[in-house]
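Chains A and B supply the protein sequences, listed in that same order. Quick note: the first sequence, position 72, residue 72 per our numbering, numbers continuous. Quick note: the second sequence, position 291, residue 1291 per our numbering, numbers continuous.
Calculated directly from the structure, the hints in this document are not laboratory data. Virtual Cβ for every residue (Gly too), placed ideally from N, Cα, C. Check the hints yourself; a few may be wrong.
Claimed, not checked - Residues from chain A that face chain B, not an exhaustive set, calculated with beta carbons under 7 Å:
1) R3
2) Q19
3) T41
4) S54
5) I67
6) A69
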Amino acid sequence: MARVELKMPELGNEITEAQIDALLKEVGDRVSEGEEIITITTPKVTMDLEAPASGTVVEVFVEEDEIVAVGAVLAVIEA
Amino acid sequence: MRGPGALIEALRQMTVIRAFENGIASLKSKGGYGDIAYAYRGPAHLSIGQEAAAVGAAMALTPEDHIFGSHRSHGEFLAKGLSAIQNLGDNALNTVMESHGGGVLLRAVETRLPAENARGLAENFLLMGLLSEIFMRETGFNGGMGGSMHAFFTPFGAYPNNAIVGASAGIATGAGLWMKSQGRDSIAVSMTGDGSTGCGPVWEALNFAGMAQFERLWESRGFLPVLFFFTNNFYAMGGQTGGETMAWDRLARIGAGLRDDACHAETVDGTNPLAVADAVQRKRRLLLDGRGPAILDVECYRFSGHSTTDVNAYRTKDEIAAWDAIDPIRSYRDSLVTEGILDGAAADAIQTEVDTRMKAVFAAAADPEAAPPVRLGDDGARVGGKMFADSETPPDGGPPEPLADPGKVARIRQNAKKSRGGRDADGEPLSPLRAITLRDGLFEAVLSALLSDPRIMIYGEECREWGGAFGVYRGLSELFPHDRVFNAPISEAAIVATAVGASMEGGRPVIELMYADFIGRAGDELFNQLAKWRAMSNGSLSVPVVVRCSVGSRYGAQHSQDWSGLAAHVPGLKVIYPATPYDAKGLMASALASDDPVIVFESQRLYDQVELFRDAVPNGDYRIPIGAPDIKRVGGDVTVLTVGPALYPALEAARSLETRGVSLEVIDARSLVPFDYGPVLDSVSKTGRLLLVSEACERGGFTMTLSSNITRFAFDALKVPPRTLGSPNWIVPGADLEYGYFPQSPDIEDVILTDLMGDTGHSRKGARRWDDLALARSGL
Ligand SMILES: Cc1ncc(C[n+]2csc(CCOP(=O)(O)OP(=O)(O)O)c2C)c(N)n1
Ligand SMILES: [Mg+2]
């Protein structure tokens, strides 16, 4: 079983952090690759982050409203 | 009107137009007409020979259809007016005449040009209103503020004629946009010449009117009801279009490049009023069915020169003679006689009646008693007082419900969680993710207007899902359908021109130009159209458009210029440049409510700015009056007046200089036009020293104007001459060099200590150690 990390993506032009708007999945949920699991927001956009692989969500490191740096690990999926 | 009467009326109308323009030609060439001596000094772009095109078009239109003409539109104007007079009842005509300009024109007509019935009086009213407008008299339709090339009268459906070739295409398209959005049963007609097919803005308008979204994405299916009526007289001034200056071989073929239905383009015999009427009637039906836009290529010929300075060097006598052989009026009259509809004597009687009427009209319009010349007055208010409405007109009713519950929209939910103030408990600035930003302030004002005022229509490039290039509108596409918020093509000229047209029809467009640097693409539309129609209409038209443009940073020479000074330079535009969330929301609310055009400059560097001056940005609606500068920091030694983002380095300099015992009073201009000098003069009378800071190039900049005026108004209070600090007269260099371009706080400190405080021992900390005089000499 491989552990696949979901990270806060690069958001372009000098954006260094973003806020967690909503957690769409919780630990134990099964997800398939491409399924939306976390909604994030920056001052300019709101976007859904997709599961990088199919499997089970085994860890979520962030909470709603938390501000997180670009590159930080947000969740782990066991694929 | 139908039947033989209508056919004869068409001849009569063409005869009226020809006589009217012959009269003007005579004034220009002979200094008089008949026994009336009058030296008319203005322009005369006559359409002698083109009468059939004008009358044919107007025959097929209703008073609710609106035409937008050109520099050569006396004929089109008269034809539209004469057609409206035939269509409107006596009561309507009397009301129209009575309510225009407080009855000044009507009184003159009743006294000098009485008639037996309302129609006759209305016709004299039309002729006198136009001719005295051409003479720029008080009795003119635009109170003398328009003149020959700009005369119009909206109650007859004759909207502004335009001296800028092709400008009417975009404005008519905007009128069509508003007609469509309101579900009106009418069309807008752009009446421009063949030469205008060489104008970029005309192509932008053609594309705009046929945008696929009108059919595919708007709830009310159907394209804009705009007829592009090209009066094709084969020439611009002296250049021939077909065969010389244009790539097309036949004007009508331009439609093929736009849409698969080729915009229903057709070439029409413009020497025959019935052929033109038939074509316009057919196109009108298509347009009302939502199948527009349509193009007509109406071939005709002007016998008169382009203007009275034309010596006809570009065309031969043979050519003119060949067209003269098919003179539209003579040909049409002959055909009526041949068909037994009119006999020769009746035709002559028409000519005699028209000539007599025209002599009387010219005599009245030339007479200063009947048609008083415009007097400036001691206060200049006769013209100056027409520049701005300085008013607000609330909407009649509310808009339809939004598509969703605003509280459920992610953006609005997120904003609800944010702090309304910009500082944490320790007084430190909050992250823009945690506090209301300038971007949010603009959003809240716009959202509130969209929810309460059905006239508000938002568009620009990438305004829907993208939320505008910088996310100001993020969330709006979830709440509003396309007729309230839509994506425009990359057509800055059409974006502004359509907003002008839509606003003339009662709309309140809020348009976004992604970067201020793109103003150049909409130069005419902003500076000649948006800025001027209020005054050129003598205050009868309002153009309440809000133009938002961002001022960039880090993107180099074509994406980082503060051009607020350009907008401020042109009379007729209100200009604001807010620098805080509180100011942005309150000023935007005032702009949205204003009956005047307002240009809003927004610094991209400040979109994430949180509120540092007020405890909180109010949740609800509030207003900041346009024109009121704001004291952001109180001090005693030097007044620093800033424009836009220059506020922040000025405050940084103030904090640094405080440690050296120099106290700055920092005033944020917030608005450029209008501008209340009061608070600045009060401050200068206290400090005696003034520095003006902005990010615009210094030369010809707005701070130079402020500086010069303040020197004049507060000369006695000044201890030293004021200083301005702007950007050097260079291109904006790349991101890494911006520190040496936009004024920074060390530069501000340097200028204050050296030039204003006279500290000769100060060693400069900023990047600007250059020799200002040497730079100025070499134009840098
Ligand atoms: C933008 C612009 N460029 C140039 C002119 C000067 N100008 C006035 S009329 C004209 C010719 C226009 O030709 P066309 O559109 O065919 O109209 P016509 O004069 O034949 O009625 C020109 C070049 C102008 N008024 N506006
Ligand atoms: Mg022409």
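Here is how each hint holds up against the structure:
Given hint, R3/A at the interface with chain B, is violated; its Cβ is 29 Å from that chain's nearest Cβ, farther than 7 Å. Residue-level restraint check for Q19/A holds (minimum Cβ-Cβ distance to chain B is 4 Å; threshold 7 Å). Residue-level restraint check for T41/A holds (minimum Cβ-Cβ distance to chain B is 6 Å; threshold 7 Å). With a cut of 7 Å, the hint placing S54/A at the interface with chain B is violated, because the nearest CB-to-CB distance is about 27 Å.
For I67/A, the suggested interface contact is upheld, since its CB lies about 5 Å from the closest CB of chain B, less than 7 Å. For A69/A, the suggested interface contact is broken, since its CB lies about 12 Å from the closest CB of chain B, more than 7 Å.
Hint compliance for this structure: hints 1, 4, 6 are not met, and every other hint is.
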